[in-house]
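So the protein sequences, as listed, match chains A and B.
For the first sequence, the numbering used here assigns the number 315 to the last residue and increments by one with no breaks.
For the second sequence, the numbering used here assigns the number 315 to the last residue and increments by one with no breaks.
No wet-lab data here; the hints were simulated from the structure.
Predicted model only: the values in this text are computed from it and were never measured.
Glycine included, each C-beta is placed from N, C-alpha and C at the ideal position.
Do not rely on the hints blindly, as some may be mistaken.
Pulled a few chain B residues facing chain A out of the computed Cβ check, cut under 7 Å [claimed, not checked]:
{"no.": "1", "residue": "Val47"}
{"no.": "2", "residue": "Leu60"}
{"no.": "3", "residue": "Pro62"}
{"no.": "4", "residue": "Gln88"}
{"no.": "5", "residue": "Val89"}
{"no.": "6", "residue": "Phe93"}
{"no.": "7", "residue": "Leu96"}
{"no.": "8", "residue": "Glu100"}
{"no.": "9", "residue": "Arg134"}
{"no.": "10", "residue": "Arg136"}
{"no.": "11", "residue": "Gly137"}
{"no.": "12", "residue": "Val145"}
{"no.": "13", "residue": "Ala152"}
{"no.": "14", "residue": "Glu163"}
{"no.": "15", "residue": "Ser167"}
2 protein chains.
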Amino acid sequence: MSQRATSPETAGRVLVTGGTGFIGRHVLVPLLDAGYEVHLITRNEPVVPAEVTVHRADLLVPGAGERVVESVRPSHLLHMAWFVAPGQVWNSFENLRWVEASLELLRGFARVDGRRVVLAGTCSEYDPRDEPCRERGTPTEPDTVYGASKDALRRMAELVAREAGFSLAWARIFLAFGPHEHPARLVAFVTRNLLLGQPAPCSHGRQVRDFLHTPEIAGALVTLLGSGVTGVVNVASGRTVTIGHIVRHIGNRLERSELIRFGEVIPPAHEPPVLTADVERLRGEVGWRPSRTLEEGLDATIAWWKAQLTVRSPG
Amino acid sequence: MSQRATSPETAGRVLVTGGTGFIGRHVLVPLLDAGYEVHLITRNEPVVPAEVTVHRADLLVPGAGERVVESVRPSHLLHMAWFVAPGQVWNSFENLRWVEASLELLRGFARVDGRRVVLAGTCSEYDPRDEPCRERGTPTEPDTVYGASKDALRRMAELVAREAGFSLAWARIFLAFGPHEHPARLVAFVTRNLLLGQPAPCSHGRQVRDFLHTPEIAGALVTLLGSGVTGVVNVASGRTVTIGHIVRHIGNRLERSELIRFGEVIPPAHEPPVLTADVERLRGEVGWRPSRTLEEGLDATIAWWKAQLTVRSPG
């Protein structure tokens, strides 16, 4: 029997949503390591550590999330599930259904006297004209249904937490890359195309961003959950780079820079030229900082894609 | 057969929610008079004009609102239904269920290619430290679950309207009084108590407010629906009075001022000293202003309570 799970003195009983997703798949082991009894809601057939209790449910079915909350009676909730189809995510009305599902979870959590919640927000909530984006100061003026839905959920969740008497942190997650990324997204797109010997058309590449490797984001979320820090917390590396820097790093590592085609893609209108994070709360109050550099994360991701494409190639 | 309903050239087919409520009960006749084909969603057994088509449904049952929208296929939506139990309204999680129900209605309305929406908001969305509250300028910083829920819904609804291509106005309704008011609310409480010969304990009465008679509010909403005006519109009289002025007017009319007990009630912490409206948009862009003075509205309300209490008294 594992040493880490079923001790009576656990860190708490955490209910996780989105725990099979792009970011969330990396939280389960750190949560077990931190001493939580881990419960996962998912509509998938997940491959997860044996210590994780899986609850099969579709959060978009009204009442489903509430029923799991009532049966698990978690002390902690880490809610990351959302609609994330690349391209469609920005203005799909599926975002509204996730607001509805999230409100149901929060109402249920209040009813079972839960203590601590971390919810996944997004840098798309910010008005990025302010730079770097600060939790206390930068206005939220989202220009997409996605950003507005997350921002609206946060506004309601903070009042619900106050009234129900639980502690709530809202993780405003900046840009992510890592294994299992959708091939339409930047790092996955460039890495795959170059590995396959295909051209990689890109935008001009001068957009300034803060990128973080998904296992790092997961670590930050678990640290945040265990902290007493409340309110909005930017989850980002604190280092800003251009998209061009990332693309060129991949090109150099794969020695296929000649396949990169800067300037062939027009960036979507809603993409700001600069979107960066003030990380003083994450570093100072939560006490978290990345354990790897951006380039180490990119190299690990490139290695993952190499393994994927090698296994799948006919040779 | 009535002349006003079934002409092929109607102003549109309007779906009304909350049309049996404190404000909403006054919209049905003006909508018919304005030439709309009127459909009402309600969970009650309403007494309504014969030309109104009633759809019995509970909007809090997931899918119920969507089904009515799909069967009616309205061109216009006037959504006023909400949880309004006095006292409880401020921080009840029922507010979240109404956000969920409202999002479902909006998604359905987008799917049937609706053209025009008016939603009922509230002055409680504003940060009342700014005064008078202006639609473009005063920040929304609600301090209650009620205010946060309405504010959050508005933020999402505006993006949904943009993406779905319908026209949307958000009516930020200030203080209301009129017939059928809950006896725990100010005008009803003072009027009833004085008519019954009972003392009326009040707060200090120095709060500054903008009160409007419910039939006037309904008229403003119908005018707004027929206008092309989009975004937030304050719905208020534009005249500010103290709560003491209103209470003293009732006392004078009923010649029972001696029953009024100012200073015996401590106002709730979330009540601002001043909460008033800039009504330039309502007057200048929508072209609406009240047809009666505050005192005329109060007198009509007093007369309504007199009739109620006379009919019900054993003598």
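Hint by hint, here is what the structure shows:
no.: 1; hint: Val47; result: violated, 32 Å
no.: 2; hint: Leu60; result: violated, 10 Å
no.: 3; hint: Pro62; result: holds, 4 Å
no.: 4; hint: Gln88; result: violated, 11 Å
no.: 5; hint: Val89; result: violated, 13 Å
no.: 6; hint: Phe93; result: holds, 5 Å
no.: 7; hint: Leu96; result: holds, 4 Å
no.: 8; hint: Glu100; result: holds, 4 Å
no.: 9; hint: Arg134; result: violated, 17 Å
no.: 10; hint: Arg136; result: violated, 13 Å
no.: 11; hint: Gly137; result: violated, 13 Å
no.: 12; hint: Val145; result: holds, 5 Å
no.: 13; hint: Ala152; result: holds, 4 Å
no.: 14; hint: Glu163; result: holds, 5 Å
no.: 15; hint: Ser167; result: violated, 17 Å
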